[in-house]
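**Student:** Got chain Y sorted already, so can you dock chain B onto it with the hints?
Protein sequence lines, in the order shown, are assigned to chains Y and B. Residue numbers for the first sequence follow UniProt numbering, beginning at 1 and rising by one. Residue numbers for the second sequence follow UniProt numbering, beginning at 1 and rising by one.
The set of hints was computed from the structure by calculation and includes no laboratory data. Cβ coordinates follow ideal geometry from the N, Cα and C atoms, glycine included. Treat the hints loosely; a few may be bogus.
[Unchecked claim] Listed below are the simulated DSS-like cross-link pairs for lysine-lysine, each with C-alpha atoms no more than 25 angstroms apart in a straight line:
1) Y:Lys-41 / B:Lys-166
2) Y:Lys-201 / Y:Lys-230
3) B:Lys-40 / Y:Lys-41
[Stated by the list, open to error] Here are some chain Y residues the structure puts well away from chain B; computed CB gaps all over 12 angstroms:
4) Pro-101
5) Glu-148
6) Ser-176
7) Gly-229
8) Asn-304
9) Pro-326
10) Gln-344
11) Pro-359
12) Gly-377
13) Gln-412
14) Ser-423
15) Val-429
16) Pro-493
17) Arg-511
18) Lys-551
19) Lys-566
Spelled out from the first residue to the last, the chains are:
Number of protein chains: 2
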Amino acid sequence: MIKLLTFLLLLIGAIEIAEGRIRHYKWDVKYEYKSPDCVKKLAITINGRSPGPTILAQQGDTIIVELTNSLGMENLAIHWHGIRQIGTPWSDGTEGVTQCPILPGDTFSYRFVVDRPGTYMYHAHYGMQRQAGLYGSIRVSVPDGVSEPFAYDYDRSIILNDWYHKSTYEQAAGLSSDPFVWVGEPQSLLIQGKGRFNCSKLTTLNLEPGVCNATNPECSPYTLTVVPGKTYRLRLTSITALSALSFQIEGHNMTVVEADGHYVEPFTVKNIFIYSGETYSILVKAEQDPSRNYWMTTSVVSRNSTTPPGLAHFNYYPNHPQRSPPTDPPAGPLWDAVEPRLAQSLAIKARQGYIYPPPATSDRIIVFLNTQNKIDGYTRWSVNNVSFTLPETPYLIALKESRGNAQHLFDQKPPPEGYNFTSYDIYSVANNTNATKSDSIYRLKFNTTVDIILQNANTLTNNNSETHPWHLHGHDFWVLGYGEGKFDINSDPARYNLVDPIMKNTVPVHRYGWTALRFVADNPGAWAFHCHIESHLYMGMGVVFEEGIEKVGKLPSQNMGCGITKGFWKP
Amino acid sequence: MIKLLTFLLLLIGAIEIAEGRIRHYKWDVKYEYKSPDCVKKLAITINGRSPGPTILAQQGDTIIVELTNSLGMENLAIHWHGIRQIGTPWSDGTEGVTQCPILPGDTFSYRFVVDRPGTYMYHAHYGMQRQAGLYGSIRVSVPDGVSEPFAYDYDRSIILNDWYHKSTYEQAAGLSSDPFVWVGEPQSLLIQGKGRFNCSKLTTLNLEPGVCNATNPECSPYTLTVVPGKTYRLRLTSITALSALSFQIEGHNMTVVEADGHYVEPFTVKNIFIYSGETYSILVKAEQDPSRNYWMTTSVVSRNSTTPPGLAHFNYYPNHPQRSPPTDPPAGPLWDAVEPRLAQSLAIKARQGYIYPPPATSDRIIVFLNTQNKIDGYTRWSVNNVSFTLPETPYLIALKESRGNAQHLFDQKPPPEGYNFTSYDIYSVANNTNATKSDSIYRLKFNTTVDIILQNANTLTNNNSETHPWHLHGHDFWVLGYGEGKFDINSDPARYNLVDPIMKNTVPVHRYGWTALRFVADNPGAWAFHCHIESHLYMGMGVVFEEGIEKVGKLPSQNMGCGITKGFWKP
Numbered sequence: 001m002i003k004l005l006t007f008l009l010l011l012i013g014a015i016e017i018a019e020g021r022i023r024h025y026k027w028d029v030k031y032e033y034k035s036p037d038c039v040k041k042l043a044i045t046i047n048g049r050s051p052g053p054t055i056l057a058q059q060g061d062t063i064i065v066e067l068t069n070s071l072g073m074e075n076l077a078i079h080w081h082g083i084r085q086i087g088t089p090w091s092d093g094t095e096g097v098t099q100c101p102i103l104p105g106d107t108f109s110y111r112f113v114v115d116r117p118g119t120y121m122y123h124a125h126y127g128m129q130r131q132a133g134l135y136g137s138i139r140v141s142v143p144d145g146v147s148e149p150f151a152y153d154y155d156r157s158i159i160l161n162d163w164y165h166k167s168t169y170e171q172a173a174g175l176s177s178d179p180f181v182w183v184g185e186p187q188s189l190l191i192q193g194k195g196r197f198n199c200s201k202l203t204t205l206n207l208e209p210g211v212c213n214a215t216n217p218e219c220s221p222y223t224l225t226v227v228p229g230k231t232y233r234l235r236l237t238s239i240t241a242l243s244a245l246s247f248q249i250e251g252h253n254m255t256v257v258e259a260d261g262h263y264v265e266p267f268t269v270k271n272i273f274i275y276s277g278e279t280y281s282i283l284v285k286a287e288q289d290p291s292r293n294y295w296m297t298t299s300v301v302s303r304n305s306t307t308p309p310g311l312a313h314f315n316y317y318p319n320h321p322q323r324s325p326p327t328d329p330p331a332g333p334l335w336d337a338v339e340p341r342l343a344q345s346l347a348i349k350a351r352q353g354y355i356y357p358p359p360a361t362s363d364r365i366i367v368f369l370n371t372q373n374k375i376d377g378y379t380r381w382s383v384n385n386v387s388f389t390l391p392e393t394p395y396l397i398a399l400k401e402s403r404g405n406a407q408h409l410f411d412q413k414p415p416p417e418g419y420n421f422t423s424y425d426i427y428s429v430a431n432n433t434n435a436t437k438s439d440s441i442y443r444l445k446f447n448t449t450v451d452i453i454l455q456n457a458n459t460l461t462n463n464n465s466e467t468h469p470w471h472l473h474g475h476d477f478w479v480l481g482y483g484e485g486k487f488d489i490n491s492d493p494a495r496y497n498l499v500d501p502i503m504k505n506t507v508p509v510h511r512y513g514w515t516a517l518r519f520v521a522d523n524p525g526a527w528a529f530h531c532h533i534e535s536h537l538y539m540g541m542g543v544v545f546e547e548g549i550e551k552v553g554k555l556p557s558q559n560m561g562c563g564i565t566k567g568f569w570k571p
Numbered sequence: 001m002i003k004l005l006t007f008l009l010l011l012i013g014a015i016e017i018a019e020g021r022i023r024h025y026k027w028d029v030k031y032e033y034k035s036p037d038c039v040k041k042l043a044i045t046i047n048g049r050s051p052g053p054t055i056l057a058q059q060g061d062t063i064i065v066e067l068t069n070s071l072g073m074e075n076l077a078i079h080w081h082g083i084r085q086i087g088t089p090w091s092d093g094t095e096g097v098t099q100c101p102i103l104p105g106d107t108f109s110y111r112f113v114v115d116r117p118g119t120y121m122y123h124a125h126y127g128m129q130r131q132a133g134l135y136g137s138i139r140v141s142v143p144d145g146v147s148e149p150f151a152y153d154y155d156r157s158i159i160l161n162d163w164y165h166k167s168t169y170e171q172a173a174g175l176s177s178d179p180f181v182w183v184g185e186p187q188s189l190l191i192q193g194k195g196r197f198n199c200s201k202l203t204t205l206n207l208e209p210g211v212c213n214a215t216n217p218e219c220s221p222y223t224l225t226v227v228p229g230k231t232y233r234l235r236l237t238s239i240t241a242l243s244a245l246s247f248q249i250e251g252h253n254m255t256v257v258e259a260d261g262h263y264v265e266p267f268t269v270k271n272i273f274i275y276s277g278e279t280y281s282i283l284v285k286a287e288q289d290p291s292r293n294y295w296m297t298t299s300v301v302s303r304n305s306t307t308p309p310g311l312a313h314f315n316y317y318p319n320h321p322q323r324s325p326p327t328d329p330p331a332g333p334l335w336d337a338v339e340p341r342l343a344q345s346l347a348i349k350a351r352q353g354y355i356y357p358p359p360a361t362s363d364r365i366i367v368f369l370n371t372q373n374k375i376d377g378y379t380r381w382s383v384n385n386v387s388f389t390l391p392e393t394p395y396l397i398a399l400k401e402s403r404g405n406a407q408h409l410f411d412q413k414p415p416p417e418g419y420n421f422t423s424y425d426i427y428s429v430a431n432n433t434n435a436t437k438s439d440s441i442y443r444l445k446f447n448t449t450v451d452i453i454l455q456n457a458n459t460l461t462n463n464n465s466e467t468h469p470w471h472l473h474g475h476d477f478w479v480l481g482y483g484e485g486k487f488d489i490n491s492d493p494a495r496y497n498l499v500d501p502i503m504k505n506t507v508p509v510h511r512y513g514w515t516a517l518r519f520v521a522d523n524p525g526a527w528a529f530h531c532h533i534e535s536h537l538y539m540g541m542g543v544v545f546e547e548g549i550e551k552v553g554k555l556p557s558q559n560m561g562c563g564i565t566k567g568f569w570k571p
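So here's chain Y without its partners, still in its complex pose (with noise of 0.2 angstroms):
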């Protein structure tokens, strides 16, 4: 049945590509002022918008967007976070990993097929850039005549993001130097691009007069009107910089459906908690008394924030949308209550009919530990106590083209395929914080399985660890499971879920607490995996995958240039 089902999903499918519309984009991206959350602040924008539009597709569409770079001095790269890439590895959009960046004043064309439904998101993947305000939502439809397994009447998309006052080349310059300058906790949370920071905060006022204007039209709160008795999907998106999230509509339950485009066996909460680079469509019936508005609210989870929270406004048609709810917002939950984060994980599972079960076995295990370190004097994030860092040329360009003549383009050794399970102490700062940097990556049999294990420990701060999201690009992954404390090879793999394991591109780690992780490494190309957080990827935290390099079509030249690929283009 199962089977026959995923034939017959896999048939729409082709169908869907054959038939597939061409929906093409043309985006300008400059830097303009912006004020989200009431303060004045030069963001990156699309076309003059931050968030930038939504794409709005059907399965099997072919997106083409043309993107402009006009921030002057600064390089570009945007990445479309959840969609596989098949075919088309060069435009995963990953600089260093995928492409070189786009220079300003060059137009880049990104073209590739949204091959399945679900819900998905796109963001700068170059540097910091991401949090300037880079990012949007990807919504892809079902096909005509193919039918959700849940109904509604409207469907909306809500994107999430924390947001700083300061650059992200005021940010990066802290992150990289020594002494260390930690970015701190973010200003405001935004709703769909809007937030509101408290201008009385602000005692003294910036060089600027109305630096902070509490009554910008830009961070009026952002607004969703509901007709009384109707049902809504409304797509959330995480995207922040730092933040885990708790989202809530005040008085109303949601009922989780879908995560990172699969769907989930539905189940019923309050409150949904979102890390960075997930996506959830959640279902909600405008079933409350209808004569007042509700508060949306997002709030910090895991990490002791200074951030308040953000809010925005869940209006019954036809009271008017800017009218306050009556009452004070909803509390969030315990930012230090691990449980129920580790409730939602544990709950969310593939939905009857539409299981893709995991292969039984695999054929390889990858354990990454998740340290923080020292490597001469500067703070680094490392996995197996290697701290990731670029190459000058880009893997898929340096692994396509160079014809097995790679050596010297990037370290060659592969890096460990685990830490000293026996002797580590994941409950303690480690007794040698000293970790190294290196641009090697691991190397995939093409079509095998691969388990990961991501594996937190504490941090350099004495009785901490934080929560890390991890993302993975080009490939679904089957979670098979979460467990506290030090992952057991020998015991814990006994209580993998096996039979309806969720797939998803992003998942958390929590704290003191290992994530279990399994994908077939059946996608040609070069993928980055690593921890969503801007800073810790900044700061080294992720690893890059490669497979069937052999299998990759020509690149195109408006990848190259940089590295070896400072020539002239050949056609």
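**Tutor:** For chain B alone, coordinates are given in the frame of chain Y:
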């Protein structure tokens, strides 16, 4: 006699080139917090410093600067201002003209010969990057055994600048927006990288405490310590973003002896006017009352500026260097008095015995009308109603490597050789303020003599004309004359100084006036000629010359990576 001298000088030059030393620098360029005027701001530093290290060399030396771009997401290019780059046009460092930008993470080697003694500078030549702090001095001494035509005891470089608190991204965003947001007057003037913003002027403080800190040693006044009775050669360099300056030393006369690497027939002044891109050597004797210190000051001329004077200490040893002079700083000249500035321009002539006579006639005359215009609602600067833009493929690459097949790489239509001399009223806002954008260039016949007349006019504001310092890359030019009003091709050339004109690489065009230049197109390459005001060039005030492109040697691959050079480099 002059011919013999020229021959001897050439001979000495040839010997020096043969014997020249290699001076190898390794520079790391990054963003760091600096407080040059007591206000903390992200600045671009070289090896941690802004201004960067002074390059000290001897005529004939080969300079190698190995430059690593650690700016994160921002590209880079450095121009060696005043160095003609004979035989090395690819080392001129002009992004879009002679090279592709240097990518973050890349290392680029500039290599060139300093073939003439004198005072030069280096600075970023990419977007508006220069005014983020990326600049420094170059001082080239005469060969051993050669003496200069004046005597001094000590030799010092002093680089003058103006300073903004906003980032280059913020400034550029305003300049390229509609409505136009002008960058405004700089907040401070810096002398050798140090200024002093009045913290109490921040009536309101910034978000962060300590943003303005008057006790920060980074902004203690620059001090030039002098020994009573000794004569100092001060090599003054102006790298201002906007401001024309007057420099003076309280109670001391100064004798001008060098300009842009050429000996000047000495003349003595109380204050010297210096425009962005110019260098002067002045001789100052420490012959005043040695029991006290004196002020060195810069002040803005030609604009009704709000920028307070720059202050430094002329410190008589053994007084304490930081002891303030007992007097008020001397007032600068009236900002709007054109006459003294024109008089100084006219006073600068080649030194007897060091005259390079210009060719008696020219082969081509090009008149450049400087105007402020509107294009599609945006404010731009233009030359003959053409506002300059850069192509994707730098000219040097496009011209040299396309082998006559560069048609598609930039506009092939020659730009205009002049404007409507009879009908254009330079004293009024133009009737039609429209202009067009173009990346077309002036192709010069190799070894011909070219006259350039720079004609100033009214801006978009009634009764306003601005001073523009124009800088030529790859050549020195003879300054044949200056005049007020509209240049008259029939009568004004008769007034040219063909006897002892100074050679320079940067020259002011005074308001409502003209400046006439002559140069020989004998340096194979592609060379920018532009207003040295950073925002004016950004807004299109420049042109490019090409000459002898077929004589240019093989371009290094490091210059490539943009436009048509995004392909594999084949050695």
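**Student:** A separate judgement is required for each hint: does it hold in the structure or not?
**Tutor:** Status of the hints after comparison with the structure:
1. Annotation: proposed proximity of Lys-41 of chain Y to Lys-166 of chain B holds, straight-line Cα distance about 12 angstroms (limit 25 angstroms).
2. Distance restraint check for Lys-201 of chain Y and Lys-230 of chain Y: the Cα-Cα separation of roughly 39 angstroms exceeds the 25 angstroms cut-off, and the hinted pair is therefore not satisfied.
3. A threshold of 25 angstroms between alpha carbons decides the hint, and for Lys-40 of chain B with Lys-41 of chain Y the separation of about 18 angstroms falls inside it, so the pair holds.
4. Look at Pro-101 of chain Y: its CB is around 7 angstroms from the nearest CB on chain B, not clear of 12 angstroms, so calling it non-interface is violated.
5. Once the 12 angstroms rule is applied to beta carbons, Glu-148 of chain Y is consistent with being away from chain B; the minimum gap is 40 angstroms.
6. With a least CB separation of 8 angstroms from chain B, Ser-176 of chain Y falls inside the 12 angstroms interface cut-off, contrary to its annotation.
7. With a least CB separation of 46 angstroms from chain B, Gly-229 of chain Y remains clear of the 12 angstroms interface cut-off, as annotated.
8. Annotated as non-interface, Asn-304 of chain Y keeps its C-beta farther than 12 angstroms from every C-beta of chain B; the closest such distance is 21 angstroms.
9. The Cβ of Pro-326 of chain Y lies farther than 12 angstroms from every Cβ of chain B, with a closest approach of about 34 angstroms, so its non-interface assignment holds.
10. With 12 angstroms as the threshold on Cβ separation, the claim that Gln-344 of chain Y sits away from chain B holds: the shortest Cβ distance comes to roughly 35 angstroms.
11. Against chain B, the non-interface label of Pro-359 of chain Y holds: every CB pair exceeds 12 angstroms, the least being about 38 angstroms.
12. Listed as a non-interface residue, Gly-377 of chain Y keeps its Cβ farther than 12 angstroms from every Cβ of chain B; the least gap is roughly 15 angstroms.
13. No beta-carbon of chain B comes within 12 angstroms of the beta-carbon of Gln-412 of chain Y; the shortest separation is about 19 angstroms.
14. The Cβ of Ser-423 of chain Y lies farther than 12 angstroms from every Cβ of chain B, with a closest approach of about 36 angstroms, so its non-interface assignment holds.
15. At roughly 29 angstroms from the closest C-beta of chain B, the C-beta of Val-429 of chain Y stays outside 12 angstroms, upholding its exclusion from the interface.
16. Against chain B, the non-interface label of Pro-493 of chain Y holds: every CB pair exceeds 12 angstroms, the least being about 40 angstroms.
17. Arg-511 of chain Y, annotated as away from the interface, keeps every beta carbon of chain B farther than 12 angstroms; the closest lies near 30 angstroms.
18. Against chain B, the non-interface label of Lys-551 of chain Y holds: every CB pair exceeds 12 angstroms, the least being about 20 angstroms.
19. Remark: the non-interface label on Lys-566 of chain Y conflicts with the geometry, its nearest Cβ contact in chain B lying 4 angstroms away (cut-off 12 angstroms).
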